[in-house]
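Given two chains presented individually in distinct reference frames, assemble the corresponding complex, making use of the accompanying hints.
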Amino acid sequence: MDQPVRDLPVGAWPPGLTRVPYWVYRDPGIARAEQARLFEGPCWHFLCLEIDVPNPGDYRTTMMGAMPVVVARAEDGAVVAFENRCAHRGALICLDDGGSVKDFQCIYHAWRYDLHGNLKSVAFRHGVGGKGGMPDDFRPEAHGPRKLHVTVQSGLVFGTLVPDGPSFEDTIGSEILARLQRVLHKKLEIIGRFTQQLPCNWKLYMENVRDTYHASLLHTFFTTFRITRLSHGGGVMVSDNGVAHASTTLAPPQGPDTTYAGMRADNEGFRLQDPSFMRSVAEFNDDISLQILSIFPGFVLQQINNTLAVRQIVPRGIDSMDLHWTYLGFADDTPDLRAMRLKQANLAGPAGYVSMEDGAVGGFVQRGIAAAEAETSVVEMGGTSADTTDTRATEASVRGFWKAWRARMGL
Amino acid sequence: MTGPLELAALNAACAAAIDANRLEAWPDFFHDRCLYKVTTADNFEKGHQAGLIYADSRAMLHDRVAALRQANIYERQRYRHVLGLPLVTADTDGLVSAETSFVVVRTMRDGQMMVFAAGVYRDEVRRDETGAWRYAERIVVCDSQRIDTLLAIPL
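Quick mapping for you: the protein sequence lines, in order, are chains A and B.
So that you can map any letter, position 219 of the first sequence is 223 in this note's numbering, and since no number is skipped, the others follow by simple counting.
So that you can map any letter, position 24 of the second sequence is 26 in this note's numbering, and since no number is skipped, the others follow by simple counting.
Chain B with its partners taken away, still in its complex shape (with noise of 0.2 Å):
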């Protein structure tokens, strides 16, 4: 049985890279192979497949946040995280499931904060070579459809 603190160490360090304006920390926490996709709760119990942000390769992570960088433009703005204990939901050969909670406030340039963002990560992560857990999927279920402005950073 993996141990939830484990989880929780490797959400902590995910989301503190996000936070602290270290998004090119980012994609490190994935395994090369990987999917990551931003939806709601909506789609997912509808089943609806499409996201937000989909990515399936690490490298579309590096990408992703390249292109933040580099290329989109929208006002400056951070993001808090607030984070749940892991529920571990399945252990089998070394891949774990979990759900974990998670709620973002962001807080734009001028001092505006609002909840942006309260879901469920439904993750499933395995050791890498080194070790290190790493997400082998992390699909953000959003509970509201409702995005306000853009996404722009990760969540």
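Excised from the complex, chain A in its bound form (with noise of 0.2 Å):
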């Protein structure tokens, strides 16, 4: 039976995975809750890169949703991360999106931080000439910033403020693993860093993330300009828990075309005149031209053919958040490959053929939305499920998300 949409009661969640209730994107006490039960909660959270924090001292500042955060390398060469937040006023301990230090020092108080975030020194603890100062029971290990719980896996560093909870690896499973291993097999390079602000919920970004329908339909790029795409076969894989997606696009079965991949031989239509950006190689040794992967709540590792990038997710406020954009290569890109990944970059990002159009759609929900607090959206392409699929016309990706949310969620 075709489930209801709308008159329901604000806070009321449908059964099953198939209704989004508008409300979700748009209350603030959603977004307070997702902060203390996502961000702050059992969830593995992208950070950075490894090549960010290469040597001992070297720094990186980042975001757990609205908590900001420094990822550090250790004396001993271990990365390790700390609430960006001194425990004596609150101050920002970093000012900068990176850096290398001997050790941390907030420049209000001067309070000084080792490289694990351990409060090591207070200025004037003892007072000045006999007078002042910390009373003598105060204790400097009982002070400091949250320590993160944090994992490496293939150059990308997570953390968690939750330690107690299953491995990063055991999250996703073996079979997600393997798709991001599969990109991430070497050391990597970085290309460019962007900021995409959306105005829009950070979940409309995520859904249209792993929303495999929408592609060939809001994005018309290809087919406007007659490029074939030539692959069919493909599908999308949702971990048991849904916490993590990857949709591939498989290439033609010859193998990847190295010269104009999958421009049409016609004359009709609008044709591109100077294709050579699609140029491409087949650089992961398969037949996977498209591979975009998620891992909840808020990472995106995105394969297109060789241009390659991280998306990381940070909400700001209920309608408006902050897209990431690393672009990546190989440190030992050829000059040819990396010429190829510069200009199919086209592709991608905030100006990207087939890409743009999402930074601005999540903002048409978002408007569209407005005064649909008792309504709800309809997921159910695909069926009912959030199962993996050997086809990509299903919303099974997006109902792994509304499955993983809730379950930490508690609706």
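Be careful, since some hints might not be right.
[Stated by the list, open to error] Subject to a maximum C-alpha distance of 25 Å in a straight line, what follows is the list of computed DSS-like cross-link-like pairs (lysine-lysine):
| id | chain 1 | residue 1 | chain 2 | residue 2 |
| --- | --- | --- | --- | --- |
| 1 | A | K124 | A | K106 |
| 2 | B | K48 | A | K190 |
| 3 | A | K191 | B | K48 |
Keep in mind the hints are simulated off the structure, nothing from the lab.
Have a look at this one:
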């Protein structure tokens, strides 16, 4: 029976995974609960790349939802992370995107921390001239920013505040892990960083990432220019817990075209004058030409031909978010392969031929649902389950997102 | 020495084509072989090569315009460029390097306006066979790494 989509009591969740009430994108109480239960809860959050902190003393600042975080390389080579908040008055300990230090010192009152975030010294702790200072029973070791549990996988640094949950690898499952390792299989190099500010709730973007149904409908670049996507195969893989997904598009059986990939030889309609940017090579020794992988709540790994990027979702209030793009190559790229990455990058990113619409469409939903507190969306393409399927005409992966979200939110 | 006013005139004409939605005329300000890249100050200083838009031929610029006209979907909007005077930094064998500050105000369909981008054009220009100045290279270095919603119309 077709499930109703309107006049639901606000706060109630319809049964199953195929209806999503619109208040989840608009309720400030939900945003506060997400910070507590997701971003500070039992989830693995992408923090930065391991190459952001190559040497002891190197640090990089990042976010876990609203929580500012410092990632550092300790003296022993371990990657560690802690809340970017001085234990004294709460000021940021690190102000810049990154750098290299011997230790950390809060600029406000010069409280000093080691690379692990342990409080080591307090300025004027014993006062000046025998007057003032901290009480004798003040114990620095009892004060400090919250520390994260950190794991490094395939050059990616993930962290969580909840240390007793499943490992990162168990959380995403062996199948998705293999998809991650398939792409990130050797030393990375950053070739660009951009931030895209989207006018929507963060969940709308993550749903879009997981939505294999919209791609050829919203993004008409390939069809308009008759760049036939010869690749018909593919599908979407969803971990049992809904936390991770990987959607794939397979290259044609004979392997990717190394000249003008996928250009159809006809003269009708619009044609590109210079399709050289579509030139690509199969660099992963398989027939997957496109793979989008996500890890709940806010990480995306993109491989579109030779265009590699990680994207980090950072909510900024209920109806705004930052999308941090890091464009990647490998340290051993040949000049020719690097040139291909730079030109193919026209496909993705804030100005991407097949991605720019994703920057706006979440905002269209956010504006569209402004008065729809008691109504729901319909997420029923491909059935009702969140299982792995061999088609992309499905919203299984979007349902997987809600499976993971509801399990952690208790809704 | 190339007069900065000649470069200013080139810049003004190029910006006017974009602001007046004559995008089809925009690629003609470039040489056949050229480089047009939109990046940020951070990326530029760190030597990161990738751009938001990256074209190494005038034909690719035409394709960018064709995609905006025919394929890509974005809310109706317009730009207003405000340009500084070009600072000529080198002039060697007919190839002139110049830096020109810009501010782009974006006005959306509903009238909402914002400073969409500010930064510097790092240009290399030389005359074509007709004597007209054209860009051999234009690196658009935005001061901010933050792009609001999307970058459709070129800067």
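Broken hints, by number: When the structure is compared with the hints, none of them turns out to be violated.
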